[in-house]
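Sequence order for the protein chains is A and B. Here the first sequence is numbered in the numbering used here, starting from 1 and rising by one per residue. Here the second sequence is numbered in the numbering used here, starting from 1 and rising by one per residue.
FYI, nobody ran anything at the bench for these hints, they're computed from the structure. Errors might be hidden in some of the hints.
Pair by pair, the computed Cβ-Cβ distance ranges are [what the hints assert, rightly or not]:
#1 A/LEU169 with B/SER252: 27 to 37 Å
#2 A/ALA70 with B/SER31: 48 to 58 Å
#3 A/ALA70 with B/THR34: 48 to 58 Å
#4 B/LYS239 with A/ARG223: 55 to 65 Å
#5 A/GLU105 with B/TYR36: 56 to 66 Å
#6 B/ARG127 with A/PRO36: 25 to 35 Å
#7 A/ALA70 with B/ILE211: 14 to 24 Å
#8 B/SER206 with A/GLY340: 55 to 65 Å
#9 A/GLU105 with B/GLY269: 57 to 67 Å
#10 A/GLU105 with B/THR34: 54 to 64 Å
#11 B/PHE311 with A/PRO36: 36 to 46 Å
#12 B/LYS239 with A/ASP62: 21 to 31 Å
#13 A/GLN132 with B/LYS239: 12 to 22 Å
#14 A/LEU169 with B/LEU137: 29 to 39 Å
In silico lysine-lysine, BS3-like type, Cα no more than 30 Å apart, as pairs [what the hints assert, rightly or not]:
#15 A/LYS255 with A/LYS202
#16 A/LYS255 with A/LYS270
#17 A/LYS255 with A/LYS274
#18 A/LYS305 with A/LYS338
#19 A/LYS202 with A/LYS72
#20 A/LYS102 with B/LYS93
#21 A/LYS72 with A/LYS102
#22 B/LYS93 with A/LYS72
#23 A/LYS106 with B/LYS239
Not the full set, but computed from the structure, chain A residues with beta-carbon under 8 Å of chain B [as the list claims (entries may be wrong)]:
#24 ILE51
#25 THR55
#26 THR58
#27 LYS72
Think of the CB as a built atom: it goes at the ideal place given N, C-alpha and C, for glycine as much as any other residue.
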Amino acid sequence: MRVELDNLSKAWDGVVGADRITLEVADGEMVAFLGPSGCGKTTTLLMVAGIYRPTGGTISFDGRVVNEVAPKDRGIGMVFQSYALYPHMTVFGNISYPLRLKRLEKGEIRKRVEQVADMMGIGDLLDRRIAQLSGGQQQRVSLGRALVKEPQLLLFDEPLSNLDARLRLAMRGEIKRLQNDLGITSIYVTHDQVEAMTMADKIAVMSKGVLQAYDIPEALYDRPKTLFVAGFVGNPPMNFFDVEVMLLGGEFHAKNESLDLIVPDDRAAKAAAKEGRVVMGVRPEDVDVADDSSPRVEGLTLSAKVEVVEPLGREDLLGVVVGGVNVRLLVDKTKRAKPGDLVDLVFNMDNVQFFDPETEESLLWA
Amino acid sequence: MTQPLEKEAQAGAAAGTSGVPRRTLLRRVRSTATAYGFLVPTMALVLTFFVIPGILLLILSFTNLASVNFGDPWNFIGFANFERLFTDRFFPKILRNTVFYVFTTLILFNLGLALVLAIVTTNIPRRAGFFFRLVWLLPRLTPSVVYILMWRRIGQAEPYGIYNQLFPEFLGASGGNLFLGGSPWTFVILTNGFVGASFGMIIFTSALLSIPEDLLTAAKVDGASAWRIIRDIKLPLIKWPLLFIATYQTLSLLTSFEYILLLTEGGPGLFTTEVWALTAYKRAFATYAGNSQWAFGATWAIVLVTVALFFAVIYVKLFKFDELVEEPRIDNL
Ligand SMILES: Nc1ncnc2c1ncn2[C@@H]1O[C@H](COP(=O)(O)OP(=O)(O)OP(=O)(O)O)[C@@H](O)[C@H]1O
Ligand SMILES: [Mg+2]
């Protein structure tokens, strides 16, 4: 089912939950709503579900406006962070509830519940009470309940946030595989960008009720259109510097009091066209610590003092200070950096980003 | 409770493995003793103010003590009082009245109206809901004498009652004597019900509001109508408060009589609205030809207490209260 949101808004006298959200989810696609806490993800999702009545704009399913359609007639299945299972019913009672409401025939109900339960790997738990299940099992039941009525649209509200890291990883793959196999259009709310990046075909980045960007994951990462998106997508986040970009001796330089770096022509030209200072963004993986053998290229090297070292296992996350600005970078742990070390930083400027400090929009991809 | 236990456990661990069985036993005895220790004050109160008076009442019911022979030594007359009670000409009527009064008020008002009020006031805007619940609490906040006086002013026969005076012909043939004269039970049940409903309303409201929002959203998405949500989700989730109110209100309706006393005194006519508790009161404290039959009143009371206990046991068994209370997750050490 194709879902279109057109200027969809929700406000409670004064409080804005969602502000003119416009986007389209193609049939069979999985879209993630990504954003910090309180940015309006749940609000938007509940409007799609028909629980909240929009205060502006429209929601259409396959071109048909459904603003006035009751939740039960929207053909949706929903999975919650809290699982929202009915505690007084058994697993079977929970999964069969949507079918019982449709007054399907008893044998048919049992057949479909068992089918879904087997698919979710909970076939032997059907007689259990909800309180006797682990969190992971409960989430499978809730997924089963959402799937059993064969919905046209699946809505997920942070379904994995209550699970431990390992289980989350497993369920992530499982949900994605299910969604792919069944081809059900899905909207997946999360504040975990790894989830969004790995599961979604497209990501809607939201902030303060406003849709900041809506694109495929790679585009959001490589070509962020706003400062917010650049800072929010990617972990650890992008480093930002206030610089002036100018042409010096045939090469573009990004300069301020404490740094002077050479920037590739194509990107720098657009940044230089803007008068005065701009915001330059460099991802942590594009800064490295030079060791004895690496060449110190003039204009791409900078010395700095290491403040913090956070070992992440495979890599170390370093915090260094460049001209009073905290910079984070990911380096190989064989570099053995220690707090207090004076190191040479080597910049890879091929992926550098530039933003207008006033409008916060990208100077490269606007 | 846990703190001394923890200290014990730590002390046990520190002392090493030797003497573990003895320590465990000691600890058990101690923790049980602590538990009983906490029960002592309540037990003392129950004993002093319920069990002992109950026993005295029971003893009293086998005597013929009354205000005329007050001061004489107690004269035990066996089961004579009980015989008199069960052969009383009005005993069947009083019994029927009591059953009718208790269950009609319970089902229509203390449970039914309370539930309707709770559901309605939790489904309208918060402030409005709060306001309506407050309004429904007013009868409970009003002193019973004032409250009943107002109802009497409304419901009495012409020329005292406002209603009958204003609409002598309205609502049928009572000829200016509707309500207190014509249908006293309506009035008795209304007055009690309006007060009684507010208790359940408060309890049910808080129970309904504590149902997680996600559950209701899930039910709506699953395809449940408003009615099915009430039937399948809300009512089962407030089962425990429902059963509690049913039990509690049955017992309090069985034993309460002050509104009836103030409103009709059991009339009009002979025993028309007289209930058991009222009879017990009248026999014991209202004088018949200058005589208060304390012992006979005690007999009515003791039978009523027995009936109430019987109901309590039935409710506890029928509603499986022990199953509703979940076993504590913490294992007893
Ligand atoms: N029923 C409501 N009444 C008033 N304001 C609300 C209501 N529900 C949400 N809001 C407000 O709308 C904004 C968006 O809330 P929403 O629940 O959509 O955030 P979210 O993105 O889902 O956050 P989280 O990641 O913490 O779940 C918040 O500022 C919130 O306070
Ligand atoms: Mg949310």
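Hint check:
1. For the pair A/LEU169 and B/SER252, the beta carbons lie near 57 Å from each other, so the given range of 27 to 37 Å is not met.
2. Checked against the given bound of 48 to 58 Å, the beta carbons of A/ALA70 and B/SER31, roughly 55 Å apart, stay inside it.
3. In this structure, A/ALA70 and B/THR34 meet the distance hint of 48 to 58 Å, their C-beta atoms being roughly 56 Å apart.
4. For the pair B/LYS239 and A/ARG223, the beta carbons lie near 56 Å from each other, so the given range of 55 to 65 Å is met.
5. Our hint of 56 to 66 Å for A/GLU105 and B/TYR36 holds, since their Cβ atoms are close to 57 Å apart.
6. A hinted range of 25 to 35 Å for the beta carbons of B/ARG127 and A/PRO36 is consistent with their spacing of about 32 Å.
7. Between A/ALA70 and B/ILE211 the beta carbon distance is about 20 Å. The supplied range of 14 to 24 Å therefore holds.
8. Between B/SER206 and A/GLY340, the C-beta spacing of about 59 Å keeps the proposed range 55 to 65 Å intact.
9. For A/GLU105 and B/GLY269, the hinted distance range of 57 to 67 Å is satisfied, since their beta carbons lie about 59 Å from each other.
10. Separated by about 58 Å at the C-beta atoms, A/GLU105 and B/THR34 satisfy the suggested range of 54 to 64 Å.
11. Remark: the range hint 36 to 46 Å for B/PHE311 to A/PRO36 is contradicted by a beta-carbon distance near 57 Å.
12. Here the CB-CB span from B/LYS239 to A/ASP62 is close to 42 Å, at odds with the stated 21 to 31 Å.
13. A C-beta distance of roughly 19 Å is found between A/GLN132 and B/LYS239, which places it inside the suggested range of 12 to 22 Å.
14. Against the hinted window of 29 to 39 Å, the Cβ-Cβ separation of A/LEU169 and B/LEU137 comes to about 53 Å, which falls outside the hint.
15. Between A/LYS255 and A/LYS202 the alpha-carbon distance is near 36 Å, which puts this suggested pair outside the 30 Å criterion.
16. A hinted pair counts as satisfied when its Cα atoms are at most 30 Å apart, and A/LYS255 with A/LYS270 qualifies at roughly 15 Å.
17. A distance of roughly 14 Å separates the Cα atoms of A/LYS255 and A/LYS274; the hinted pair therefore holds under the 30 Å criterion.
18. Distance hint between A/LYS305 and A/LYS338 is fulfilled; the C-alpha atoms sit about 10 Å from each other, no more than 30 Å.
19. Between A/LYS202 and A/LYS72, the direct Cα distance comes to roughly 27 Å. Compliance with the 30 Å bound is thereby established for this hinted pair.
20. Proposed proximity of A/LYS102 and B/LYS93 is contradicted: the alpha carbons are some 50 Å apart, above 30 Å.
21. Only pairs whose Cα atoms come within 30 Å are accepted, and A/LYS72 paired with A/LYS102 is accepted, the gap being roughly 10 Å.
22. For the hint linking B/LYS93 to A/LYS72, the alpha-carbon distance of about 53 Å lies beyond 30 Å, and the restraint is violated.
23. Between A/LYS106 and B/LYS239, the direct Cα distance comes to roughly 27 Å. Compliance with the 30 Å bound is thereby established for this hinted pair.
24. A distance limit of 8 Å between C-beta atoms decides the matter here; for A/ILE51 the minimum to chain B is near 5 Å, and the interface restraint holds.
25. The beta carbon of A/THR55 is not positioned within 8 Å of any beta carbon in chain B (closest approach about 16 Å), and the interface hint is therefore violated.
26. This hint is violated: A/THR58 has a C-beta 20 Å from the nearest C-beta of chain B, more than the 8 Å allowed.
27. The criterion of a C-beta within 8 Å of any C-beta in chain B is met by A/LYS72, whose closest approach is roughly 4 Å, and the hint holds.
Hint check: violations occur at hints 1, 11, 12, 14, 15, 20, 22, 25, 26; the rest are consistent with the structure.
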